[in-house]
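Going down the list, the sequences are from chains A and B.
Numbering-wise, the working numbering comes out as the position in the first sequence, counting from 1, plus 959.
Numbering-wise, the working numbering comes out as the position in the second sequence, counting from 1, plus 180.
By construction, these hints were calculated from the structure, which means they are not laboratory data.
Some clues are possibly wrong.
[As the list claims (entries may be wrong)] With a straight-line Cα cutoff of 25 angstroms, these simulated DSS-like cross-link-like pairs (lysine-lysine) come out:
id, chain 1, residue 1, chain 2, residue 2
1, A, LYS1136, B, LYS288
2, B, LYS255, A, LYS1064
3, B, LYS319, A, LYS1152
4, A, LYS1044, A, LYS1136
5, B, LYS235, A, LYS1164
6, A, LYS1079, B, LYS283
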Amino acid sequence: MKKIFKLTLVLVVIITVSAFTTKTNSTDSGYKIGDVATDFELENIDGNVVSLSDFEDAKGFIVVFTCNTCPYAVAYEDRVQGLNKKYADLGYPVIAIMPNNTTVKPGDNMEAMKTRAKEKGFTFPYLMDAGQDIYPQYGATKTPHVYVLQKEQKGNVVKYIGAIDDNYQDANAVKTKYVEDAVDALLNNKEVKINETKAIGCSIKV
Amino acid sequence: MKHLFLILTFTFFGFGNQYISLLNSNQIKIVDAPYLKQDLKIVDFDGLEQYLAAKDKSKTYVINFWATWCAPCVKELPYFEQLNTTYADKKVEVILVSLDFPKQIESKLKPFLLKNKLKSEVVVLNDVDANTWIPKVDKNWSGAIPATLIYNTQKTVFYEQSFDYIALETELKQFLKQ
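Using the sequences and the hints given, assemble the complete structure.
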């Protein structure tokens, strides 16, 4: 009898909870795993315009939406640099894109981007999404926000979306290097096991 | 040369005194401001979960995720404070979950709390494994802040967005109707 009562209680709870399921106001737009990512023509810190199609020999890309002013993005600068050093030669260069509105965040304007890139010795393109129309197509909501793309016949296919690794505070305490694991899998013609992760970041300034 | 030495000594001495008096005035404030005491709560996600499960079943909770380094978060904090004060007698409680980096708690967060005299409860969430806990707050949260969760025993709504006071109050009222 007690058991039936307990079961009924559980059932009631489940029904109540599902009747008021969490609604969300966040946007669900943007790429999912398997989608073809758009190419772009964005200005680099050296004044040149960069497109994914410029990289004829690339097997794919590590596209990182990042900026100068977000502490999370800053915490990952050296690790982004490390990704490019490790994977550019293997066919997966880093392409960094700064998505913020620079009127809201002057610290992310082209001059500031140039200065930061010089200070840190960025070896990858650091592009500005000046029209702010590329990041919404990808569905980036924050900095840093990573998309690993693999070049296929139909285009650059999204294989991984999310965080760089699982410890923003301490690079030495990282347990899982999500982006490295994803790119390593692609390089070995394997499925990316963890293809979507979440991390805290600064909302992109519109 | 001797004069220079004397001037330097006086300068340092002067600054020293000023520093001490500054410290003193801060210490006086410490007594008034709850968050300069050592009781700022720092929790991992397990510790935060008690705030996400209605402690008081009759209350509506407004949980705001923020950080001192997040400009839009700081901008909307006064609205959450205002909400907390205005609706205190209507069983509404605002909890401000700070995602400030642990190494900046003393240097940035505590001075900020002191300066702005926040009255809502502030909890620091220090849990690096965001990929595990973010979906537990809401499955659709991308991880961008500001973000806010409003809930009571009747319903839960998550907002990955900024608020002004009117928008925030409008949302809250949806919870107080029943």
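Hint check results:
1. A:LYS1136 <-> B:LYS288: Roughly 29 angstroms between the alpha carbons, so the hint for LYS1136 (chain A) and LYS288 (chain B) is violated.
2. B:LYS255 <-> A:LYS1064: holds (14 angstroms)
3. B:LYS319 <-> A:LYS1152: holds (19 angstroms)
4. A:LYS1044 <-> A:LYS1136: holds (15 angstroms)
5. B:LYS235 <-> A:LYS1164: violated (35 angstroms)
6. A:LYS1079 <-> B:LYS283: Judged against 25 angstroms, a Cα distance of about 22 angstroms means the pair holds.
Checked against the numbered hints listed earlier, the structure breaks hints 1 and 5; every other hint is satisfied.
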